[in-house]
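Residue numbers (the working numbering), protein chains in the order written: chain P, 80 to 374; chain A, 80 to 374; chain V, 80 to 374; chain R, 80 to 374.
Take these hints with a grain of salt, some might be off.
[To be verified] Facing chain R, a subset of chain V residues (Cβ under 8 Å, in silico):
#1 A164
#2 I176
#3 Y188
#4 T219
#5 G221
#6 F324
#7 G329
#8 R349
#9 L352
#10 A357
[Said to hold, decoys possible] Covered by chain V, according to a simulated footprint, are these stretches of chain R (three or more residues, beta-carbon under 8 Å):
#11 118-132
#12 157-166
#13 185-199
#14 301-313
Because the hints were derived from the structure by calculation, they are not lab data.
Glycine residues also receive a C-beta, built at the ideal position from the N, C-alpha and C atoms.
There are 4 protein chains.
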Amino acid sequence: MNLSGIIGYSITPFNDEDGQVDYENLAPVIDTLLDAQVDAIAALGSAGEAAYLTTTEWQQVAEYTVKRVDGRVPVVIGIAELTTAEAINRAKFAYQIGADMIMVSPFSYYKLNEEELFLHYQSISNATPLPIMIYNNPATCGVDMSPQFMLRMVSDIKNACMIKESTGDIQRMHKIYKLSKGKVPFFNGCNHMALEALNAGASGWCTVAPCLIGKQTKYLFDAVQQQNNHKASELFYQQYEFLEFIVQSGLAAAVKSGFSIQGTPMGGPRKPLLPLTATAQQQLKTLLLELGSHA
Amino acid sequence: MNLSGIIGYSITPFNDEDGQVDYENLAPVIDTLLDAQVDAIAALGSAGEAAYLTTTEWQQVAEYTVKRVDGRVPVVIGIAELTTAEAINRAKFAYQIGADMIMVSPFSYYKLNEEELFLHYQSISNATPLPIMIYNNPATCGVDMSPQFMLRMVSDIKNACMIKESTGDIQRMHKIYKLSKGKVPFFNGCNHMALEALNAGASGWCTVAPCLIGKQTKYLFDAVQQQNNHKASELFYQQYEFLEFIVQSGLAAAVKSGFSIQGTPMGGPRKPLLPLTATAQQQLKTLLLELGSHA
Amino acid sequence: MNLSGIIGYSITPFNDEDGQVDYENLAPVIDTLLDAQVDAIAALGSAGEAAYLTTTEWQQVAEYTVKRVDGRVPVVIGIAELTTAEAINRAKFAYQIGADMIMVSPFSYYKLNEEELFLHYQSISNATPLPIMIYNNPATCGVDMSPQFMLRMVSDIKNACMIKESTGDIQRMHKIYKLSKGKVPFFNGCNHMALEALNAGASGWCTVAPCLIGKQTKYLFDAVQQQNNHKASELFYQQYEFLEFIVQSGLAAAVKSGFSIQGTPMGGPRKPLLPLTATAQQQLKTLLLELGSHA
Amino acid sequence: MNLSGIIGYSITPFNDEDGQVDYENLAPVIDTLLDAQVDAIAALGSAGEAAYLTTTEWQQVAEYTVKRVDGRVPVVIGIAELTTAEAINRAKFAYQIGADMIMVSPFSYYKLNEEELFLHYQSISNATPLPIMIYNNPATCGVDMSPQFMLRMVSDIKNACMIKESTGDIQRMHKIYKLSKGKVPFFNGCNHMALEALNAGASGWCTVAPCLIGKQTKYLFDAVQQQNNHKASELFYQQYEFLEFIVQSGLAAAVKSGFSIQGTPMGGPRKPLLPLTATAQQQLKTLLLELGSHA
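Working from the sequences, and respecting the hints, build out all of it.
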């Protein structure tokens with residue numbers, strides 16, 4: 080599987096009245112990403128509040144997404160389960176419904192050591208032919224995987240073939256690039272480090288931003304590809320405060336708020352998560368206006 | 080509710096063949112704690128692998144524990160859910176089955192801010208009359224709550240009445256003691272800091288250690304109460320390496336291994352968690368022998 | 080050398096007009112410590128602003144202190160030099176003037192590895208027969224030494240014979256105690272952890288607090304020795320906010336401010352260090368009044 | 080003063096026999112930097128072991144450097160003193176000998192607050208007309224200054240006009256750029272982040288690397304300027320392991336070792352600093368060979 084560019088992440092809309100997933104609103108989320116010309120769509124990542132869904136809800140969102148995208152771009156399904164057994168169940172399900180790839184992170188209660196992590200990934204790989212993106216995000220998942228360890232998994236586990244790095248430490252990307260001699264594709268998962276990640280050799284950028292700012296992330300990716308540094312830098316700094324804002328406010332809450340500002344209410348995030356405060360919502364509105372988004 | 084002394088934590092035995100909860104073995108776990116003269120029993124904490132159980136398993140373990148203890152000591156049920164809705168369900172269930180108290184920690188994917196945390200605890204308190212022990216353990220739960228904030232919750236949320244502090248920072252206990260003028264009971268959740276916590280005014284010690292070393296934790300508690308410092312220090316340093324070992328090896332894996340060493344196999348922890356390595360198991364055996372436990 | 084109890088630290092008074100060391104005021108500082116019945120006096124530690132003195136000033140303060148104490152209690156001289164050569168010079172000087180012990184910490188610009196640290200201490204030990212207290216204070220010195228490493232130095236370097244631990248991590252003290260089987264004396268260097276350090280087996284407490292609160296630190300030490308836990312706890316919590324305050328405000332600035340409040344102005348600390356703000360000074364005044372000190 | 084490009088840092092050679100500064104060898108160090116076409120030369124930074132020199136040595140090295148450079152490029156003199164008084168003395172001296180700029184970092188024993196830092200910089204600025212580069216390097220200096228605070232100093236302190244950022248956190252550079260609307264020049268002080276820093280808008284790169292790898296840092300700077308991303312990335316990754324190696328080994332020890340490998344022994348660093356181990360020296364030799372330097 081040859082993936083590069085912008086991987087657009089969807090959110091999971093809830094109905095404010097009964098708190099249930101609002102599938103009628105999931106359609107425009109996916110359409111917004113396709114309109115933004117993303118190179119792939121990823122459902123059920125952090126932004127999709129996957130950790131807060133029931134198994135059934137998770138399955139329905141995954142299935143709905145695959146159907147709605149309908150082959151126009153590849154679909155990646157996020158898996159971040161506490162038990163290996165449940166991660167396997169979900170990996171199998173993703174394959175059954177026709178997803179193109181799974182993104183697997185080791186959500187944890189007890190810290191996991193490398194042997195535990197390796198067997199977790201290996202067991203998932205053995206359960207499905209889908210390619211696996213190894214996703215490192217210690218801030219949400221509670222486990223940090225070194226570049227060396229992730230590259231060992233790419234080398235030794237059949238379907239593990241790419242890495243998403245979200246620590247925000249650019250040195251991790253240097254290590255992945257150097258140690259793999261530029262051969263193992265890695266993606267940026269830290270929005271406000273996108274410029275540097277792409278310059279350091281990232282194959283692409285995993286981001287929920289296209290939900291709100293359309294093609295602008297794509298333009299940034301293209302500028303770097305075209306070696307147009309001045310334009311890349313200009314585009315990045317235009318988006319910078321917005322990108323930092325959504326990271327620091329919590330992706331799900333911030334993007335849902337942004338949709339609401341833009342006229343398509345998506346409900347709040349699931350409790351205990353709260354929507355943005357009125358002040359934060361006003362800040363976001365200003366940032367979107369500055370970016371020329373229809374806020 | 081007036082709780083003090085040793086709160087003994089149970090593990091959740093699994094059947095190695097099918098991976099299911101092994102209720103036949105849960106009985107001796109509870110009996111071991113009662114034999115160790117603990118002042119209360121807590122089920123479904125970290126040591127109980129609560130995070131790795133299905134809802135049904137969690138309910139059955141809770142119910143089984145209350146029945147087996149049968150009023151001989153109070154029963155505390157741990158709740159560490161990602162959504163407020165599910166935490167409420169479990170709090171109601173704990174009340175229905177006759178538990179005496181719930182211990183609530185804010186397990187998290189996205190970091191929670193204080194407003195989110197407050198509403199989470201308040202909603203649970205509104206759903207059940209059970210007293211609530213606020214449990215702070217950022218290493219497993221991903222959220223850190225300050226002494227100031229936890230005391231505010233004790234003050235402003237009806238059923239919140241005590242604190243379990245597990246950061247391992249003795250200053251947190253000083254703060255709780257000083258800011259509450261010694262009025263808000265707090266418990267030690269960091270095994271290898273038990274001596275200091277008790278000297279700093281902790282009402283008791285939440286620990287899985289009695290599963291393996293019987294009354295020795297109780298003896299330590301008593302020595303501090305009796306102002307027998309030399310004995311308290313001697314007892315603490317005798318247990319110290321064992322306590323540090325089980326914390327660093329992961330409580331569930333270590334205690335299950337210890338039961339196996341002592342002749343009552345309890346199965347391994349649930350994957351991705353792995354049992355102790357052979358080397359670690361040998362270390363634990365030596366530590367138990369040194370402590371005079373029947374290893 | 081058999082040292083235990085309270086090691087009282089002196090400050091270095093400056094003349095506010097010309098910024099020079101004010102020897103007339105150094106006398107009452109030392110006398111205050113002696114009146115507080117400290118078991119030893121240490122000059123030129125953090126509280127003594129040793130890092131901010133010229134070589135000549137450092138020598139004069141050391142010499143003055145030894146003369147003024149005049150054998151009534153042992154005198155410890157602090158050495159925290161960037162180069163090994165200068166540390167040796169100062170160690171020799173301390174010996175020449177009749178000091179009883181040196182306290183050596185590895186002040187650093189580049190981080191030092193264990194081989195560098197070992198040779199630094201060894202070279203100093205070879206240059207003087209004075210016993211050496213190894214002082215670990217990464218917050219000011221920029222290097223952290225593990226209990227294991229410090230114990231290796233005590234074992235392998237002739238004059239290295241005791242440890243002062245100032246990280247504020249009680250586990251370090253447990254390690255020192257356990258690994259040395261209680262044989263290597265260690266001192267508490269973290270004021271607001273004094274109760275726990277003494278209960279964990281510390282031989283004593285290194286503190287500038289007697290400058291302002293007289294015998295109260297001694298009373299706390301005695302209460303622990305006499306196994307009077309309730310009194311020890313009461314005394315500790317009485318002093319707690321004061322101890323935390325002077326640590327967080329910077330020992331030198333806080334204690335100088337306290338002397339001023341008590342009617343013996345000692346000048347401000349040396350720039351860039353600033354005296355306490357008016358607000359902080361008022362806080363300190365209140366804390367001293369609560370402690371019954373003549374504020 | 081309009082500075083950009085490569086600011087080359089010199090080391091301070093010592094005579095291995097008597098440990099004194101070896102001025103005969105300082106000449107080739109400076110010449111090597113000039114041959115590497117650096118845009119400015121900085122003496123007495125971290126690499127120059129300024130913290131380990133006596134006042135007299137420091138003055139002589141500063142004076143020698145200015146004379147040897149003789150106006151061919153601007154000369155920057157590093158100042159990292161513990162007291163404001165001594166920092167002022169050195170700033171005046173730098174002006175007297177004809178240096179073009181001073182680079183000031185707040186070396187600390189006690190942590191300094193922003194008021195203390197501000198007054199420190201302001202006092203230095205009042206003492207000399209030389210432009211000041213504010214240098215933030217918490218790893219060696221023990222104090223961390225935020226982008227917001229440094230920009231405030233640039234705005235409010237007469238001679239403070241540029242920033243050198245060495246935390247290794249690319250977000251600091253984004254902040255400086257955005258908050259100053261690209262108006263305040265900042266330099267990269269973290270060698271193995273040079274590519275990203277330049278892409279993020281840094282005016283240049285402060286580095287000791289040209290001592291060993293000649294014009295290669297300049298080529299990297301030029302490639303970014305020319306928007307030749309592929310070449311910039313290729314050059315950066317060629318140098319990457321070397322850059323990371325010298326940072327992690329300690330700049331002074333590593334560069335002195337490199338000079339020795341290249342046939343111009345410069346003595347070891349001053350104790351307690353030690354030269355590279357034999358193994359590390361072999362690694363460095365290999366890295367230099369791979370870079371085509373005459374190793």
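Per the CB criterion, is A164 of chain V less than 8 Å away from chain R? Holds: closest Cβ of chain R sits about 7 Å from A164 of chain V, inside 8 Å.
Against chain V, does the segment 157-166 of chain R show at least 3 residues with beta-carbon separation below 8 Å? Satisfied; 5 residues make the cut.
Restraint: Y188 of chain V near chain R, CB-CB cut 8 Å. Satisfied or not? holds, 4 Å
Interface hint check: G329 of chain V, Cβ to nearest Cβ on chain R, cutoff 8 Å. Holds or violated? holds, 5 Å
For the restraint on L352 of chain V, tell me whether the closest CB of chain R is nearer than 8 Å. holds, 6 Å
Outcome, coverage of the segment 301-313 of chain R by chain V - at least 3 residues whose beta-carbon is closer than 8 Å to one in that chain: Coverage by chain V is violated for the segment 301-313 of chain R (0 residues, Cβ < 8 Å).
With chain R as the partner, please determine if I176 of chain V meets the hint condition of a C-beta pair closer than 8 Å. violated, 23 Å
Chain R contact restraint for R349 of chain V - C-beta distance below 8 Å: holds, 6 Å
Establish whether the coverage given for the segment 118-132 of chain R by chain V is satisfied; the threshold is a Cβ-Cβ distance below 8 Å, and no fewer than three residues must meet it. holds (count 3)
Close enough to count: is the Cβ of F324 of chain V nearer than 8 Å to one in chain R? Violated: closest Cβ of chain R sits about 15 Å from F324 of chain V, beyond 8 Å.
When the least beta-carbon distance from T219 of chain V to chain R is tested against 8 Å, hint result: holds, 5 Å
Interface hint for G221 of chain V, Cβ within 8 Å of any Cβ on chain R: Given a least distance of 5 Å, the restraint on G221 of chain V holds.
In summary, the numbered hints that this structure violates are 2, 6, 10 and 14.
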